[in-house]
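K.L.:
These protein sequence lines map, in sequence, to chains A and B.
Position 198 of the first sequence, counted from 1, bears residue number 195 in the working numbering, the numbering being contiguous throughout.
Position 245 of the second sequence, counted from 1, bears residue number 262 in the working numbering, the numbering being contiguous throughout.
Because the hints were derived from the structure by calculation, they are not lab data.
Every clue listed holds true.
Below, a list of computed lysine to any residue pairs in the SDA-like style, where the Cα atoms sit at most 25 Å apart:
| no. | chain 1 | residue 1 | chain 2 | residue 2 |
| --- | --- | --- | --- | --- |
| 1 | B | Lys215 | A | Asp52 |
| 2 | B | Lys215 | A | Pro221 |
| 3 | A | Lys142 | A | Leu185 |
| 4 | B | Lys215 | A | Leu115 |
| 5 | B | Lys215 | A | Thr80 |
| 6 | B | Lys215 | A | Gly22 |
| 7 | B | Lys215 | A | Tyr50 |
| 8 | B | Lys215 | A | Asp84 |
| 9 | B | Lys215 | A | Thr116 |
| 10 | B | Lys215 | B | Leu273 |
| 11 | B | Lys215 | A | His79 |
| 12 | A | Lys142 | A | Ala173 |
| 13 | B | Lys215 | B | Gln271 |
| 14 | B | Lys215 | A | Val21 |
| 15 | B | Lys215 | A | Asn114 |
| 16 | A | Lys142 | A | Asp167 |
| 17 | B | Lys215 | B | Gly261 |
| 18 | B | Lys215 | A | Glu53 |
| 19 | B | Lys215 | A | Ala76 |
| 20 | A | Lys142 | A | Thr170 |
A few chain B positions that, by computed beta-carbon distances, are all more than 12 Å from chain A:
| no. | residue |
| --- | --- |
| 21 | Glu106 |
| 22 | Pro221 |
| 23 | Glu236 |
Bear in mind the structure is a predicted one, so any value in this text is a computation, not a measurement.
From the three backbone atoms N, C-alpha and C, an ideal C-beta is built for every residue, glycine too.
Chain by chain, the residues run as shown.
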Amino acid sequence: MLENPTPPITAPARSLRIGVAGPVGTGKSSLIATVCRALASELRLGVITNDIYTDEDARFLRSAGVLEPERIRAVETGACPHTAIRDDITVNLLAVEDLERDFNPLDVVLIESGGDNLTATFSPALVDAQIFVLDVAGGGDVARKGGPGIARADLLVVNKTDLAPYVGVDVPTMVADAEMAREGRQVLALSRTDPASVDILADWVRGLLALHRAGTHTPQDPGPMAPHFHADEEGGPGVMHTHDEPEHSHYEQSAHSHP
Amino acid sequence: MTAPMTAVSLSVVPTTMAPPVLSSATIAMMLADARLPVGGHVHSAGLEPALAGGMSPAQVPGYMLGRARTVTLVEAGTAAVARHVALHEAEPDVFGSAQRMALALGRVDRAWSARTPSRAVRDVSRSLARGYQRLARTLWTQHPAVIASGLVSTPPSPTLSRPVLLGIIAAAAGLDAESLVRLVVYDDAQTVAAAMLKLEPLDPATPPGWVLAACAAAEEFVVDLAALTSADAIPAWGAPESEGWAEAHSRTTQRLFRA
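If we strip away everything but chain B, and leave its shape as in the complex, we get (with noise of 0.2 Å):
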């Protein structure tokens, strides 16, 4: 499922339509990169609504860990299905495809849904999904699950999940599977570990430690997730009292961030 390593020759780039062939590594780059604007600072992977619960500061490595081989696995099965649904449906020349396309990937969002009990989680991974969908429409344009996602995805109407818009993206741009995995691991624990550092100061050497860590912890789960084809396999691990925060501070008026 890797992506070819083909260097890219700018004069052989087109410049319209079909994608430069980029490496899974630079895709996976840019998607983990902070900078990437797609609303993302607004966010803490749960840290927030955690400290404002009661948990210490000092629980933070092990909610890391906690989160990357739970609700994250979660997450990274999705968006491996997804990425297969988005590649698989995308065969050209197949009359309503792009409305098969939709039911697909709608299949992929409800079993996310059904492992995802917190209504506050849900709705700030489809807020933050619309940021990632403006880049996916503006940079893939082309794309059949990019157009499909357009159909499920547009507001008022039920707006597709953060790791499915993740799948579809990584379809799109040549990400390999087992790269979306780990780097949906990785944006969790990264997120937290930033937020860390705005909510709790401490030393800015110390939390990248904890997310080499987290991302070690989930290693072991990498290649069976990027292998997942069907959304009745995606993983149900949950996170009760992580969910519970969330839900409680989806209800507060002093949030420095949005979850």
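In isolation and in its complexed conformation, chain A is listed as follows (with noise of 0.2 Å):
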């Protein structure tokens, strides 16, 4: 054994990664842009897109000009973009590494999925946290769907609230359905163009990353199911459970929706 203490390992800065999932068109990109927007002058950024079709959100993204166009990369999914965020995460991991190495230090990487179905969830070897991200214009009844994304990504976001008077959607009780389906978990009422709605997002943000910098933060696995409700037909209180209970049949259940 040598004699002298093992010298400290002066790690390259490893930021804060952020996963952004939801549904295809709820506004995942623009939701980019809008903590870009807040924070860009405050925290050092950086941002990786996993689009279907390669980089089209990160010429979005680039174009809304919030952050230096280097600083926005994307990567290819093979049309898995699933995959790529959650069982074989190696291309977005070499992805956040070489931004992490090319802009150190950074502060926060945000990485956005695919626009996938309700199902889809970061792993938590891949991001420290995960915005999953529904809208109003989507139906007020998806957050009753349930999902792991929406029930247990760390912030649950309703986005283009501004819309709701135009979809005939009532914000809050989708985020009332949302508390419910989350038994309590944060939920977000957002709108790029309601500013207070804006700041407790960039909040959300900072906390985390205090939390983060603290070494107290642990990211959690929202799961790739979620315990969710089946009704019961005969209009009782209906049953919650899992998929990894093995005596659980569902051949007896009537009104069983998976997500």
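Since each chain comes alone in its own frame, lean on the hints to assemble the complex.
P.N.:
Spelled out as structure tokens, the structure:
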């Protein structure tokens, strides 16, 4: 054994990595642009996009002018956007590491998933926290459908609240539904035209970064399949369950809808 | 060169450092498995560029045969020589052996580069290699060739190519040379076949027959390629049209696959 202690390892600054997931068209790119606009003057930011067709989102973000174009990078996903953020995160991990190396130090890297269905969530090996994005135009009932992202992402955003009057959605009801699905986890009704909601989003990022830097933040996995609700045919209370109950059978269920 | 087909007794498998004794077949199966998380799912072995470049889907079986008897043999020969170097230079107790190994691997890599005229193809190979390197550094941490690969293969300096990394992994994991050559041939064909089902869907039972045909077309070269020990002896067959497609693809913004 060597007498002298192991010298301290000066690891390169590891950014806070935030994933942004949610169905296509709910405003993930717009949300990232909003975060960049709000925080680019105080934090060193980078963005990785995972588009179905390569760099559509990256080009949108570059053209939005919210960040230097070089800080926004796109990766291909081989038509498997859910794989690239969940079970084989290699290309994203390498892209994040490259970005952190090229712009060292970075405070926050935002990783946008390709617009996928309600079951796509990030691996905690790729991101420290994740935002799941729904929008009012997708229908007021989507939040009730649940799914891992809706139920257990670190933050659920109900986006485009400014459109609610035009699509016949009651925002407080949708938020209340979402809060019930999330058992109290945070829900944010967001519109880029509503400065107060943007402030809340920016504060959420700042708070997370403080926890990350303090070393007190532990990434949580929303899981591949969240506990969800089976309505009872007889109008009874229904049953809440997860899919890792081996004895459970679906055949007896009547109103079972997987996200 | 065949690794011993020793049955593994779990009670004698070392828990640290030395790799457990595994058969070549097991290593080959793992490396050939599309589920191996090294980022392979974002690659199509040139198929998407070819189809975008005007090649008819009906020509895909011929495309696979053509690759199996040209560029794939360059890859396979490179991998075989890299494996030889990784085994031969891995003599213990030689001062500076890691540096010497790094230089020798670098020579193999340059020989591959000289035989791969398309910069786009080279860049893609090096990016895919990083996924393998990540795997190697996790599974075969202490192998001299894996350590040496880190000396020449740490971004932002140029990363070793995929066939060189495969050769290193073959040496570290105990994959025999002929299996390594067949792995390279199979993997290229299977990558095309899997991508085909996403790009031009057809009866999924059909492409596997093309894969076997491609493997059969390369079989007569396997023994000679596996016996290669010198970078100078790596074959230099090319596929210029395919390289042109790859170059064009690297400049497009509408891609499902990296290449």
